[in-house]
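Chemist: Just so you know, the sequences run in chain order L and Y.
Quick note, the first sequence lines up with residues 1 to 503 if you use the working numbering.
Quick note, the second sequence lines up with residues 1001 to 1132 if you use the working numbering.
Careful: at least some of the hints might be erroneous.
Unchecked claim - Among chain L residues calculated to face chain Y with C-beta under 7 Å, some are:
1. Ala72
2. Leu143
3. Ala376
4. Leu378
5. Gln379
6. Arg478
7. Ser479
These are computed hints drawn from the structure, not numbers from a lab.
Here a beta-carbon is modelled for each residue, glycine too, at the ideal position from N, C-alpha and C.
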Amino acid sequence: MTSQWTLTIPDGLYDRLQAHLFPGDGDEHGAVILAGVTQGPRGTRLLARELHLAADGVDYVPGQRGYRMLKAEFIRDRVLKARNERLVYLAIHNHGGGSQAAFSADDLRSHERGYPALLDITRGMPVGALVFAENAIAGDIWLSRGRRVGLASATIVGRRFQRLWPTLPRSRTIHDPTYDRQARLLGPDGNALLRHLRVGIIGAGGVGSLLVEFLARLGVGTLVVADPDRVDVTNLPRLVGATRWDALATLSDERRPQWMQRLGRRLASTKISLAHRIARRASPSIAFEGIVGDIADADVAQRYLDCDYLFLAADTMQARLVCNAIAHQYLIPGVQIGCKARVNEASGDLEQVFSVVRPLGPGGGCLWCGQLISPARLQQEAETEQERRQQRYVNEAGVVAPSVITLNAVAAAHAANEFLFTVTGLTKPDAERAFARFLPLDRRMVWDESPNDPACPECGPGLNSRYAKGDEVLLPTRSRRAATRWPGLRWLYPRIVSAEQDD
Amino acid sequence: MAPQENYTPAVRRALEELERAFPDSAVIREQDGEGGAHVTVEDVPLGPPYRQTTTWVGFRLGFQYPYADVYPHFVRDDLTRLDGNALGAGLSAGRFREKPATQVSRRSNNLDATNQTAVLKLLKVLDWLRSR
Chain L
1 MTSQWTLTIP
11 DGLYDRLQAH
21 LFPGDGDEHG
31 AVILAGVTQG
41 PRGTRLLARE
51 LHLAADGVDY
61 VPGQRGYRML
71 KAEFIRDRVL
81 KARNERLVYL
91 AIHNHGGGSQ
101 AAFSADDLRS
111 HERGYPALLD
121 ITRGMPVGAL
131 VFAENAIAGD
141 IWLSRGRRVG
151 LASATIVGRR
161 FQRLWPTLPR
171 SRTIHDPTYD
181 RQARLLGPDG
191 NALLRHLRVG
201 IIGAGGVGSL
211 LVEFLARLGV
221 GTLVVADPDR
231 VDVTNLPRLV
241 GATRWDALAT
251 LSDERRPQWM
261 QRLGRRLAST
271 KISLAHRIAR
281 RASPSIAFEG
291 IVGDIADADV
301 AQRYLDCDYL
311 FLAADTMQAR
321 LVCNAIAHQY
331 LIPGVQIGCK
341 ARVNEASGDL
351 EQVFSVVRPL
361 GPGGGCLWCG
371 QLISPARLQQ
381 EAETEQERRQ
391 QRYVNEAGVV
401 APSVITLNAV
411 AAAHAANEFL
421 FTVTGLTKPD
431 AERAFARFLP
441 LDRRMVWDES
451 PNDPACPECG
461 PGLNSRYAKG
471 DEVLLPTRSR
481 RAATRWPGLR
491 WLYPRIVSAE
501 QDD
Chain Y
1001 MAPQENYTPA
1011 VRRALEELER
1021 AFPDSAVIRE
1031 QDGEGGAHVT
1041 VEDVPLGPPY
1051 RQTTTWVGFR
1061 LGFQYPYADV
1071 YPHFVRDDLT
1081 RLDGNALGAG
1091 LSAGRFREKP
1101 ATQVSRRSNN
1111 LDATNQTAVL
1121 KLLKVLDWLR
1131 SR
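Please put together the full structure from these sequences, using the hints given.
Modeler: Okay, structure coming up:
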């Protein structure tokens, strides 16, 4: 595991901080960020949860040794809050300059005077300082037992994706003629940026398989994809690249004996192996991490915590709850994609068909306070088949999931564009932020409210919310490990990483 | 609660709240293997309009509690009314943990996961049951 430390800042918080630090007076200003923490294979990420602006002349005053300082009372209240809520305290000020940021000698001496005592107060939670230039950031993070690390970079996430460093790194432009036509839209650094991204896709079915194709062809460097299912003959009309051989159609044909049909269903290709094939065909150099498992399982969800972006292409409420939690708890922007049809129960007439693209996480909405996660469906999905048969459920209203590749493609393409233009900085600052709904029968598109309730336990800033808490809070996942039906046959899929193999 | 019992923190809190809310009843729990629990609260007072003076109440706390509804609940299978009438809508024959039971179907349509606990839900169900 690398020891790199980075900071993730939601774009709304960053914009408020920037306005405070750089109001145009050329002077120095102060603030505090309280942050959650998460550790992953790519290092330790601080997650900016709360911003406390220090009022000039009240909280941020002339210093005794340096130019300015935060007043002791201001520091005390925030440090105690950090201790009580298990957050990281980060003191902030700004310097002049555009693309370089560094602490002065006075700054560093003040850290050495004060931070050992702050570490005692926070009972081992890290404390530190950040200094901002207009387009740069430097950080000095103090850890327990005398350890001290610098901040490698910060990433602003939400409706834009922007990186800050202490100094601007060398350009990572990739001159690959394969992506020439794409580079004319994304700019010279766009392809390089995509190559360094780690993108998660939850679900490799009708929508997910399209996303794998799109993202691999765009040149995304790493895909993390989970799906528990195997290919079925009924999937063939909408699974990209799927064949009758994948479904073992000959064995699973309904005219075969039951034992042969069961064998066919159990030996059919996993949707993950199909996704792996699609991705490698589109981009031989792609890093593909496939998981035959359900994101509702803790060890599968863990694989997504280090992603830069998430696509939720699974249609269970359990997946919605976990993905929504990850997006807000770990400040990972993403999008939920779905397609539905409404059928009149009495007449059987098709009333409405729609595809939706719902941005989630920083800069987006929330599926929980948007009432898009049904508590009743969560309960039903947790039941065994036997329990469902034993209980008498009232029939739900006539909402069924269509299985049409063209409807899936509308949503998948819009979601992929949402991702592409966000991460490459092409989305306009005043672009619509609501949820998009496409109504093909009416040939129109509408915007649905994209809520963020301050009292929401998922996206709100409240004391008990999971927002930007990182590893401090458990995800709403199943605690047992994902099961494998045929562990002895894992050799059939040698290049697929499964949750069971990844010890 | 034994440390080796594998419940999510939310389910663990709910079990403790149930024990506090029903101090005169045994709260029997069984792990479901996913972080949730099958719960039976014994000897819950009942009485009119029913012939029986007490009942057991069974339900499941899923691993995604409190986001998931706690539904349905189950009570004794021989539940009968003093007036001899049928039990009525919302009550039907079912099974809980392979045991014959009367299923009480009271779904929470507007669930506030921050406020509606398993105890509150059970008290609402019992209140509804006694008001039939």
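Chemist: So which of the earlier hints does this model not fit?
Modeler: 1, 2
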